[in-house]
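> So the sequence lines, in the order shown, correspond to chains A and B. Using full-length UniProt numbering, read the first sequence as starting at 1 and increasing by one per residue. Using full-length UniProt numbering, read the second sequence as starting at 1 and increasing by one per residue.
Mixed in with the good hints there might be a few duds.
It does not matter which identical chain is used: a pair holds within one copy or between any two.
To be verified - Below are the DSSO-like pairs computed for lysine-lysine, each with C-alpha atoms no more than 27 angstroms apart in a straight line: (1) 206 to 150; (2) 74 to 216; (3) 206 to 334; (4) 175 to 291; (5) 175 to 306; (6) 118 to 276; (7) 276 to 291.
Calculated directly from the structure, the hints in this document are not laboratory data.
There are 2 protein chains.
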Amino acid sequence: MSPSNISVKLVRNVASGAPTLADFKIESTSVPTKESLQNDQILVRTLYLSVDPYMRGRLSGAQDSYVESFVAGKTLFGLGVGVIEASTSPDYKEGDIITGDTLKWECKFIANARGFTKIPASSGISPANYLGILGMPSFTAYVGVVSLAKAKAGETILISAASGAVGQVAIQLAKARGLCVIGAAGSDDKVEFVKSLGADAAFNYKTCGDLTAAIKKAAPNGVDIYFDNVGGEFLDAALANMNSFGRIAECGMISQYNATEETAYRVKNLIRVVPKRLSILGFIVSDYYAKPDYANFITEVSTMLKEGKIQYKLHEIVGLENGPQGLLDLFEGKNFGKLVVKVASDAQQRL
Amino acid sequence: MSPSNISVKLVRNVASGAPTLADFKIESTSVPTKESLQNDQILVRTLYLSVDPYMRGRLSGAQDSYVESFVAGKTLFGLGVGVIEASTSPDYKEGDIITGDTLKWECKFIANARGFTKIPASSGISPANYLGILGMPSFTAYVGVVSLAKAKAGETILISAASGAVGQVAIQLAKARGLCVIGAAGSDDKVEFVKSLGADAAFNYKTCGDLTAAIKKAAPNGVDIYFDNVGGEFLDAALANMNSFGRIAECGMISQYNATEETAYRVKNLIRVVPKRLSILGFIVSDYYAKPDYANFITEVSTMLKEGKIQYKLHEIVGLENGPQGLLDLFEGKNFGKLVVKVASDAQQRL
Numbered sequence: 001m002s003p004s005n006i007s008v009k010l011v012r013n014v015a016s017g018a019p020t021l022a023d024f025k026i027e028s029t030s031v032p033t034k035e036s037l038q039n040d041q042i043l044v045r046t047l048y049l050s051v052d053p054y055m056r057g058r059l060s061g062a063q064d065s066y067v068e069s070f071v072a073g074k075t076l077f078g079l080g081v082g083v084i085e086a087s088t089s090p091d092y093k094e095g096d097i098i099t100g101d102t103l104k105w106e107c108k109f110i111a112n113a114r115g116f117t118k119i120p121a122s123s124g125i126s127p128a129n130y131l132g133i134l135g136m137p138s139f140t141a142y143v144g145v146v147s148l149a150k151a152k153a154g155e156t157i158l159i160s161a162a163s164g165a166v167g168q169v170a171i172q173l174a175k176a177r178g179l180c181v182i183g184a185a186g187s188d189d190k191v192e193f194v195k196s197l198g199a200d201a202a203f204n205y206k207t208c209g210d211l212t213a214a215i216k217k218a219a220p221n222g223v224d225i226y227f228d229n230v231g232g233e234f235l236d237a238a239l240a241n242m243n244s245f246g247r248i249a250e251c252g253m254i255s256q257y258n259a260t261e262e263t264a265y266r267v268k269n270l271i272r273v274v275p276k277r278l279s280i281l282g283f284i285v286s287d288y289y290a291k292p293d294y295a296n297f298i299t300e301v302s303t304m305l306k307e308g309k310i311q312y313k314l315h316e317i318v319g320l321e322n323g324p325q326g327l328l329d330l331f332e333g334k335n336f337g338k339l340v341v342k343v344a345s346d347a348q349q350r351l
Numbered sequence: 001m002s003p004s005n006i007s008v009k010l011v012r013n014v015a016s017g018a019p020t021l022a023d024f025k026i027e028s029t030s031v032p033t034k035e036s037l038q039n040d041q042i043l044v045r046t047l048y049l050s051v052d053p054y055m056r057g058r059l060s061g062a063q064d065s066y067v068e069s070f071v072a073g074k075t076l077f078g079l080g081v082g083v084i085e086a087s088t089s090p091d092y093k094e095g096d097i098i099t100g101d102t103l104k105w106e107c108k109f110i111a112n113a114r115g116f117t118k119i120p121a122s123s124g125i126s127p128a129n130y131l132g133i134l135g136m137p138s139f140t141a142y143v144g145v146v147s148l149a150k151a152k153a154g155e156t157i158l159i160s161a162a163s164g165a166v167g168q169v170a171i172q173l174a175k176a177r178g179l180c181v182i183g184a185a186g187s188d189d190k191v192e193f194v195k196s197l198g199a200d201a202a203f204n205y206k207t208c209g210d211l212t213a214a215i216k217k218a219a220p221n222g223v224d225i226y227f228d229n230v231g232g233e234f235l236d237a238a239l240a241n242m243n244s245f246g247r248i249a250e251c252g253m254i255s256q257y258n259a260t261e262e263t264a265y266r267v268k269n270l271i272r273v274v275p276k277r278l279s280i281l282g283f284i285v286s287d288y289y290a291k292p293d294y295a296n297f298i299t300e301v302s303t304m305l306k307e308g309k310i311q312y313k314l315h316e317i318v319g320l321e322n323g324p325q326g327l328l329d330l331f332e333g334k335n336f337g338k339l340v341v342k343v344a345s346d347a348q349q350r351l
């Protein structure tokens, strides 16, 4: 008898307030077979699913959210890693490991063969890492520090939101390259965490007073690279501290995303771009998966991981049936590290 | 008997008002010989001298000007082209053609062997062109359009101050590469001139009303490259019209150079840099003379010039003794085209 399939479905949308276990149900479903594949489809065995804060938006059922909503009665979906058991697509073959943001919360499922990224087969590393240190936020850090800013030993890099998913990896990639690393974060705890990751200096941008002076104090020789996650006033202060030929890896401007025409911060120090020969380089990580940078990133960070030279906390929950509880725990901040659900058993994890 | 040397000297500084011929004197001086060279010096025969508006500042005698003043009783100096007749420097040899901004207004002179750029020997082109179409403003256009923005056929380029020394060459380099060229200039006459150089569309930024709308009208498919000479509000309007993966060659922000902390324009559209993956690339042309870009520029533009495929007006005055009158004519706008003084005779011009 073939093992039954398990699916996590939404019972009802939760517009506001805390969701509960009763808002989800675990269903036994039939096991999909390769015979039921239509053209250009893949049969996926789910290995790991990511549990992320943005999923609260999906639970709400709001149609105007920037993420697609979960639908009552349907299976949840999100970031995950799986292995292909069968394929009718020329782009994928049995055994390929894939990651993407439309993996179903189901042990096995059939999907159209689009929107997934093949990840290089690696040895000795749990595929869970592809949702963490080898995942999108880390690759974002790599693209900014390495591909765009072309960080060199001896340079000084300033990183805002340095304790975040991107920032903490940017710190470690820069330190590994011999840079002097300055981190800015929004609480004293986060500042301590940033220092524990190897930053040479760090400060609390909410309590430091004048930002330009705070950066100057932390980086008295000036800033060669600014990894911007926040934009606005902090970007302006960074511009005032840039050295000649400085590069700004422009990853995000979260301080401005809710701004209106009236409240948007207006940048005054852009005039420094010419005399200082600065480059401001906007990027979106998804443009880089098809470039050699991605394989270089996986190779470098996998090696650092195996050698214990990079820190990243994973919090593993075992069993898809425990996924909803993991999500509730996340909303209450009970996790310590990146939360993932291990769906396949150890035996099934073997790639 | 060896021919005597001629030198143009300043009689008195002219703080304000129109200078007259009486403010200059033409002196016969002794001909310098290679025997009088000290270590690391060059003996230069002047071929052409440039007559430029910025020289008014040098005449004033003000100590706080951004350019070094001319001194009463001393020889004038400025941009020029010369040929080396003798050298005690390992960097220069007899026959080298040099350009720089410290050439003396003298037929022959001795200088320390620093601050000059060697220019490639060219065939069939007057060295006067090195003060014009092969000079610094043109190379600035090349660096922005080619080296930094990497202009490609089919793209749309927007150029501000398009009728200026840099802009008019940027237009022609972009057209030669098959781009759609949009120029902005500050008078209707200048707009006509911009169109006559081949721009597909041009508008008067002083009378067009809303800048963002004016750019959108001129470039309905958006802007791939913005060659910025002005900064400020125009830059903001350009940012609002940039296509994905657009590049801004940041050459200058003349609209902001006299701004104070209070009057400086504050940029609101910088937030587009991330979602549109824009690059803002500040540069100063002097960083590029030592790169292969310079030889590539000379080769490309010399060829265009010989083939009649690039326009650039030169206004030649013959004889160093007529230099002061040329300067006065410039201040009255009597020149039509780039004003240069031909110092050496045709026979002496042979390189």
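> Which hints from the list above does the structure break, by number from lowest to highest?
Hints 1 and 2 contradicted; others consistent.
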